[in-house]
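Visitor: Protein chains in written order, with my numbering: chain A, 1 to 494; chain B, 1001 to 1535; chain C, 2001 to 2167.
It is possible that some hints are incorrect.
[Unchecked claim] Straight-line alpha carbon distances no greater than 16 angstroms define the calculated EDC-like cross-link-like pairs of lysine to aspartate or glutamate that follow:
no. : chain 1 : residue 1 : chain 2 : residue 2
1   : A       : Lys380    : C       : Asp2061
2   : B       : Lys1299   : B       : Glu1034
3   : C       : Lys2153   : C       : Glu2124
4   : C       : Lys2127   : A       : Asp146
Please keep in mind that the hints were generated in silico from the structure rather than gathered at the bench.
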Amino acid sequence: MSDPLFNKVLVANRGEIACRIMRTLTDMGISTVAIHHAAESKARHVQMADKAVEICGETPVAAHLDMGQIIEIARKLEVDAIHPGYGFLSENANFAAAVAEAGMTFIGPDAETIALMGDKISARNFAEKHNVAVAPSVMPTDDLEDFIEKAADIGYPLLIKAAAGGGGKGMSIVREAGALVEAARIASSEAQRYFGDGRVYAETFVDHPRHIEVQILGDGKGGAIHLFERECSVQRRFQKIIEEAPAANLSSELRDEICTSATRLAAAAHYKNAGTVEYILGADGRFFFLEMNTRLQVEHPVTEMITGIDLVRAQIEIAAGKGLPLPQSEVRTSGHAIECRICAENPEQDFMPETGVVRHLGVPEAEWLRFENALTHGQKITADFDPMLAKLVAHGPDRDAAIERSIAALGELALLGVKTNIDYLARLINHDAFRTAELHTGFIAQHRDDLAPKALNETERAQILAAAFLGFRQTRDLIVGTPEPHAAIGGWRN
Amino acid sequence: MRKIQSMISTASPDFRTYDAHNRRILTEFREKQETARHSRQQRDLDRLEKQGKMRPRERIEMLLDPGTPFLELSSLAANMAYDGGSPSASSIVGIGVVSGREVMIRADDPTIKGGAWYPLTIKKIVRALDIAIENRLPVIHLCDSAGGFLQLQSDLFPDKFMGGRIFRNQSILSKMGVKQLALVFGHCTAGGAYIPGLSDYNVIVRGTGAVFLGGPPLVKAATGEEVSVEELGGADMHTSVSGSCDYPASSEAEAIHIGREIVAQWERPKKWDCQRETPEDPAYDPDELYGIIPDDIKKHFDMREVIARMVDGSRFHEYQPNYGTTLICGFAHIWGYKVGILANNGVLFNDSSLKGAHFMELCNQNNTPLVFLQNITGYMIGREYERRGITKDGAKMIMAQSCSHVPKFTVMCNGSFGAGNYGMCGRAFDGRFMFCWPNHQIGVMGGDQAANTLAEVKINQMKRNGGVVDEAEVQKLWEETRSAYQEQLSAYYSTSQLWDDGIIDPVDTRNALGISISASLNAPLGDPGYGVFRF
Amino acid sequence: MGFQLILDGEEHDVAIVRRRPHLVLRIDGIQHEFSEIGGPGDGLHALKCGKHPIDFIRASDNERQIIRLGGRTFEVDLTDPFSEGMESGGNMDAVRSPMPGTVVSIQCKEGDTVVRGTPLVTIESMKLQTVLSAMREGTVAEILRAEGETFEKDAIIVMLEPETEKA
Chain A
1 MSDPLFNKVL
11 VANRGEIACR
21 IMRTLTDMGI
31 STVAIHHAAE
41 SKARHVQMAD
51 KAVEICGETP
61 VAAHLDMGQI
71 IEIARKLEVD
81 AIHPGYGFLS
91 ENANFAAAVA
101 EAGMTFIGPD
111 AETIALMGDK
121 ISARNFAEKH
131 NVAVAPSVMP
141 TDDLEDFIEK
151 AADIGYPLLI
161 KAAAGGGGKG
171 MSIVREAGAL
181 VEAARIASSE
191 AQRYFGDGRV
201 YAETFVDHPR
211 HIEVQILGDG
221 KGGAIHLFER
231 ECSVQRRFQK
241 IIEEAPAANL
251 SSELRDEICT
261 SATRLAAAAH
271 YKNAGTVEYI
281 LGADGRFFFL
291 EMNTRLQVEH
301 PVTEMITGID
311 LVRAQIEIAA
321 GKGLPLPQSE
331 VRTSGHAIEC
341 RICAENPEQD
351 FMPETGVVRH
361 LGVPEAEWLR
371 FENALTHGQK
381 ITADFDPMLA
391 KLVAHGPDRD
401 AAIERSIAAL
411 GELALLGVKT
421 NIDYLARLIN
431 HDAFRTAELH
441 TGFIAQHRDD
451 LAPKALNETE
461 RAQILAAAFL
471 GFRQTRDLIV
481 GTPEPHAAIG
491 GWRN
Chain B
1001 MRKIQSMIST
1011 ASPDFRTYDA
1021 HNRRILTEFR
1031 EKQETARHSR
1041 QQRDLDRLEK
1051 QGKMRPRERI
1061 EMLLDPGTPF
1071 LELSSLAANM
1081 AYDGGSPSAS
1091 SIVGIGVVSG
1101 REVMIRADDP
1111 TIKGGAWYPL
1121 TIKKIVRALD
1131 IAIENRLPVI
1141 HLCDSAGGFL
1151 QLQSDLFPDK
1161 FMGGRIFRNQ
1171 SILSKMGVKQ
1181 LALVFGHCTA
1191 GGAYIPGLSD
1201 YNVIVRGTGA
1211 VFLGGPPLVK
1221 AATGEEVSVE
1231 ELGGADMHTS
1241 VSGSCDYPAS
1251 SEAEAIHIGR
1261 EIVAQWERPK
1271 KWDCQRETPE
1281 DPAYDPDELY
1291 GIIPDDIKKH
1301 FDMREVIARM
1311 VDGSRFHEYQ
1321 PNYGTTLICG
1331 FAHIWGYKVG
1341 ILANNGVLFN
1351 DSSLKGAHFM
1361 ELCNQNNTPL
1371 VFLQNITGYM
1381 IGREYERRGI
1391 TKDGAKMIMA
1401 QSCSHVPKFT
1411 VMCNGSFGAG
1421 NYGMCGRAFD
1431 GRFMFCWPNH
1441 QIGVMGGDQA
1451 ANTLAEVKIN
1461 QMKRNGGVVD
1471 EAEVQKLWEE
1481 TRSAYQEQLS
1491 AYYSTSQLWD
1501 DGIIDPVDTR
1511 NALGISISAS
1521 LNAPLGDPGY
1531 GVFRF
Chain C
2001 MGFQLILDGE
2011 EHDVAIVRRR
2021 PHLVLRIDGI
2031 QHEFSEIGGP
2041 GDGLHALKCG
2051 KHPIDFIRAS
2061 DNERQIIRLG
2071 GRTFEVDLTD
2081 PFSEGMESGG
2091 NMDAVRSPMP
2101 GTVVSIQCKE
2111 GDTVVRGTPL
2121 VTIESMKLQT
2131 VLSAMREGTV
2141 AEILRAEGET
2151 FEKDAIIVML
2161 EPETEKA
């Protein structure tokens, strides 16, 4: 093997994405450094890394957001590059700049690009300038009356969004004028809390929209390719829980239009490294630019599975100056992939987050299956981190096959000790409307009743109760601990 | 081991007659049992309910592990005493399984005169504790008694095996390391206070349970002090101040729950290794027993038919089948346990006595428990037999039996008369358990025989006095003797006096023996050895 | 003596009827015979009730059993009728957290009179903010958590004065 592109890379993240990134780094012969909070010293990403360093913070999340500490650790260990993963500091322009200043490579876009796309308002303006359609909107202002008036002009329903936000935080739908002020206030407060920037704006809310996004790679010199689209319409609380590639029922013209607009945007921004352009697609075929995410996304595996391209590898190569992995003309897709986000939550209680301990973990294996996770037996699932525990990604020759395989894998997957959405996702994928791809971002709300679990029949209930009865130590003892011949004689009286 | 070949036909007239007869006897038995167990004064039941108490049998059922057997002992104790004033001798005793452990359960019955102890109650309790000592069975006391039945105090207090023996037995059990748990559901007064006091663990129910050497009335009479039941000996005081009680419970159900948890802490006993195979039901239907025992105690029947309907697979390895044929000896399995069976098939002669003694020696040598199935009128008497040494031979059988170190179990199936009772492990011979069937009769000799003998004596007396033999007087004497005897011969009379551990349905014998044998294995075997055999 | 198991918030009665030749349980009044009961403890086991064995996965989570059977996961609890601190009936004095999280802001103070729906505390969990409101009218007795404090699910955040009998 030729010399590795980097000697040592620090993965400034945790959980499944840290494991996934390190897998490719190791394949490429690059030494890996993991960081972790004390609460996670036995985590899988720590075990996998060549070197692990503890980071300190008031909370585990705060530790992962401590730029200075992380860069200091990287410097001390003579790390060449830092991969930020997704979330945390991945879209923090200051961090990207600081890494570069410290003489290390930030595996991602330039700080300027991050800043440009990170500010939703400036991103929108940039998109508009480069002929990418954007939804009508109202910018925030100190004059609330004015804001409300202008919002009324757009018409309801409209969406309040955090200017500096993403990932569904700081968002809400407003359906009538009376609710606007309160919604704006809450969104602003959340935005201030998470993104340090309380600015919000309002834009048209497309009813029953589909969320379509395009994976792009840019070489930083104006060259960019797309790796086709993903559909991420199945969401709850504005967060994606099922993603697939390619999007179903898209005409090749529309697909081409959407994907090339993304490439156009990336090229215009001299975008470097991996990114995703997100769109809202209405039933009438009109699509609007939503935002651009300047990082590797959670759902990148579905693109990898239909294109055969390792996106993390591409990121590292681009960061090392090797340019794009292949020309657009050679990007092909094969089959269909579906990703299910396994989360610690209770779908029957409005997806309330759950905590617990991993008491049993049973993972299905197949050559068409990827189970991206960092789960270990006995691991505590706490409120410290995001409730997403793992990603189950299934590939098939077509969408129906991918659906069948996803259902089978979800059936085999056993994660006991914390409530999860595993069974819920299986029911969802099995739903007629999902099978026929009648997808939109309100899918879960619309089919709420259908997706509720079926009532158990008598026999099933008896089996479950018996299985549990035989597990409780005191009742099992009563069954197996009876001496002979009393056990054989049974309940006799004389 | 070969299967016994049954020779009877269930269609024969005799079978049908005997069957009808024995089922009538059984019905009578069950009716008496039902009355003894459940028939109570309404006001006593009402009072119990008002106090928030459960009936004693309900407490026992809640205490026992579900789906496990309960072998109740002496259910008809005191049935012919005190004018029926103390059914079951105001006490429920039996062997059951609690939290996976075999235990002896002994419960007071507060639905009879507040649970007061009659003399036979004390005898039953002492017997229960004797069984616990001999078999090393842990004991659970369910205490709820008003104390000794004062009207009969002289019969329950002073003598060696009266009231004090209960506490002596408790102390010895504790010394032996055999655990006792007391659940105090009612008052434990005076001597009764020592039952929880001498138990290793005790639980007391708040509000109804109380422990004191003297209750409030006695205290007031003795010292003038006025104090309530709760303050004097209630749950909170004893569990937090005096430490006489270990666990307070807010309800009877909770007390039982705590009791079960306590038992669950006890180590499982190490039993001695009796030979055991996989159990198998008898090949012949035990229900046929009703048609085998004749309707007249003088009629003979083949005990092999009884054995065939009691042992695993009806398989029996007979020892010396052609010698001493009036005593059947052989090996079989009951609920898997290997046992040596001695069963009467007629009068005991020299040869059968010797065979019995030898067989018992073989069982002792092999550490095989002994089961005696009695149907015996006695040893053969007469000049020829005396000359042959029937006295010596009977003595040898008694010597072997008395000195056996393996556990012994006796079932009195029909007749149990005279010295035959002795040789075949009667009550005096420390069998671990002794059961009888409802048709069973026991006496020095049979009713007719006694009547005849007494009549004979009377006639001789009259002759000596130089009088005329008065036929009418002899007849009257004969009838009086006979009916007095009949009453005292019956199984009900003997079980009333606790001369056995209970009348059981013949069909229940197999389970009773299985449970009894299992219980006996908790105690190690004694030392082998015999006295002098008069050869 | 039977047991009460709780599945999906409902109580079910389970009693042992027989152990040999097979285990027979009476579940909600109906007897079921199991010719196979699987081994003890956590892991993959099989039950056989009738012709076909049923695979299931069992894990114990403190006092609870988790069963995955037929592609669904269930939690079963064994009621302990004598455990301490079992409060019967609903208690509306305590305002509890529906999920684990942190206190964002406190909108009330001790002594405040509140009515049903008065916002008391804003909490946040998993980047979601929720307002906890009073479920009945009353007076705020005690605020048990401060701003910035974290708590587990079902923790009491605010206590109201207990309701007195209405005249």
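Visitor: Run every hint past the structure and note whether it holds.
Guide: The hints, checked one at a time:
As the CA atoms of Lys380 of chain A and Asp2061 of chain C are separated by approximately 12 angstroms, the hinted pair is consistent with the 16 angstroms bound. At most 16 angstroms may separate the alpha-carbon atoms for a hinted pair to count; Lys1299 of chain B and Glu1034 of chain B exceed this at roughly 30 angstroms. For the given pair, Lys2153 of chain C sits about 12 angstroms from Glu2124 of chain C by alpha-carbon distance, which is consistent with the 16 angstroms threshold. Distance hint between Lys2127 of chain C and Asp146 of chain A is unfulfilled; the C-alpha atoms sit about 30 angstroms from each other, more than 16 angstroms.
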